[in-house]
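> Assemble chain B onto chain A, guided by the hints.
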Amino acid sequence: MTDVTMRIWRGDASGGDFEDYVIAPNEGEVVLDIVHRIQATQAPDLACRWNCKAGKCGSCSAEVNGRPRLMCMTRMQDLPEGPVTLTPMKTFPIIRDLVTDVSFNYAMAEKVPAFLPPPMPEGGYRMFQKDVERGQEFRKCIECFMCQDVCHVIRDHEENKVHFAGPRFFIRYAELEMHPLDTNDRRDLVREEMGLGFCNITKCCTEVCPEHIHITDNAIIPLKERVVDADYDPIAWLGRKIRRRPKKSALEAAVQPAP
Amino acid sequence: MEIGPTCHYIMGGVKVDADTTAADVAGLFAAGECAAGLHGANRLGGNSLSDLVVFGRRAGMGAADYIESGQAASELDMGEVEYAVKEALDPFDRTTGENPYDIQRDLQEMMQTNVGIIRTQREIDDAIVQLETFSERVKNLAVKGGRAYNPGWNLATDLPAMLTVCKCVAIGARERKESRGGHTREDYPKADPAYGKINFAHSSDGGHWNSAIRTEESPLLEIPDELKALLEEAS
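Going down the list, the sequences are from chains A and B. Quick note: to get the working numbering, add 593 to the position in the first sequence (first position is 1). Quick note: to get the working numbering, add 454 to the position in the second sequence (first position is 1).
Isolated chain A, as found in the complex (with noise of 0.2 Å):
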């Protein structure tokens, strides 16, 4: 291939700028590689988290022509001709060059109420395929983050990071509601404490998740009418009044115990 211009963002969290390396990639390179080959020949203190070459880690995530993407899956002869741009994920603070600080999602990830089934019946639970099967698809997640990366609520706001769980996370709650065996109620968290509502579906998380998981439509859409049913249906209310079953709040369920 002929040489392409690879714009790179170079800097720390007091700032940076672009930096221009020329490079010719070989027949079948991916972004990954020509990052290694600049570190190799240009810039030896270009900074970059990788980890598996295989798009299964979840470490190489950046934003390539100003799209999230994993830069060991993107090809370079699938991207549009001129130069290219890769920039650090834009919604996590800067460490260096291409190196975000992703603890916001460790942070998130310690707030989800662990799975808490009952105690064990004579014979062991049982379940219905079906059940297994529909939390299979939340459980092909690699944590690449492009998900929180690409979201509007945080990507722009960054005053909304301390209420919002992001779309990664929210699979992992529908997972969990889902469950048929789980106890714990996470409804109220995710509406109250977790800002399931400032989600508007546009959809952006589905289209840049490498694993192409259905975020919105399997995992956001149903939680949301979990939360609805859980809230605002007049006959669920009535029920819960009657049979004098309140609910666990989020905060009760948010310290039940680990099994």
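Derived from the structure by calculation, the hints contain no laboratory data. Backbone N, C-alpha and C fix where the C-beta goes; we use that ideal spot for every residue, glycine too. A couple of the hints might just be wrong.
As the list claims (entries may be wrong) - Covered stretches of chain A, as calculated for chain B (at least 3 residues, CB under 8 Å): (1) 630-637; (2) 688-696.
To be verified - Pairwise CB distance ranges, derived in the manner of DEER restraints: (3) A:810 to B:474: 50 to 56 Å; (4) B:658 to A:752: 55 to 61 Å; (5) A:666 to B:459: 22 to 28 Å; (6) B:598 to A:683: 24 to 30 Å; (7) A:810 to B:541: 52 to 58 Å; (8) A:696 to B:506: 35 to 41 Å; (9) A:752 to B:601: 56 to 62 Å.
Chain B only, in chain A's frame:
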């Protein structure tokens, strides 16, 4: 499509006690791919995971026992620490030295050519001589930039260890005059039962990454009777 063999696991590594995973260096514990001996001459797919589960636990318990026994050093030799820090930071001060990536690439090519899949005495000897040249080059590394997330500098601090591993691999390959598992000698194509009972253990008096390496035969542990009985039961 090009297809080629590649190194994806190192069967050799830090020599440890099987029960505690303690190395000969006091306070050092190793488990997993960086430890040696568990997988014999060729690790089978999937066995790494059970290695990690079993020996990771033993390493944790071994290290905890070591701390509780009160043998752990309570103070450091600050001279050694300062020396190590200086050595790590020296590449920043050199303006005319070599790019670590160039050395790594040449080292890969040299080892792939001379101590690769199929080995012979002449090529291994050649590699051992050439590794000395690499040691000289590594002493003249230069890196730029800062210390945060600097892959060039990370490589610069890795290269001495890479050289040590290369030397141990090459010396072991030279001493093992047979073919077994992942080690194939063109000049000794058959497995020799006598070599099946030993490993080659390398050591040095320390002080510096480039200290001379001593190699000696280290007998393999006998399989305990209760495990032998299990194996016979299974067969």
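> All hints, please: hold or fail.
Checked hints:
1. 630-637: With 4 residues in contact (Cβ-Cβ under 8 Å with chain B), the coverage given for the stretch 630-637 of chain A holds.
2. 688-696: Since 4 is at least three, the answer is holds.
3. A:810 to B:474: 50 to 56 Å: Taking Cβ atoms as reference, residue 810 (chain A) and residue 474 (chain B) lie about 53 Å apart, which means the hint holds.
4. B:658 to A:752: 55 to 61 Å: holds (57 Å)
5. A:666 to B:459: 22 to 28 Å: For residue 459 (chain B) against residue 666 (chain A), whose Cβ atoms are near 25 Å apart, the range 22 to 28 Å holds.
6. B:598 to A:683: 24 to 30 Å: holds (27 Å)
7. A:810 to B:541: 52 to 58 Å: Holds, at about 56 Å.
8. A:696 to B:506: 35 to 41 Å: violated (26 Å)
9. A:752 to B:601: 56 to 62 Å: violated (33 Å)
In this structure, the earlier hints numbered 8 and 9 are contradicted, and the remaining ones agree with it.
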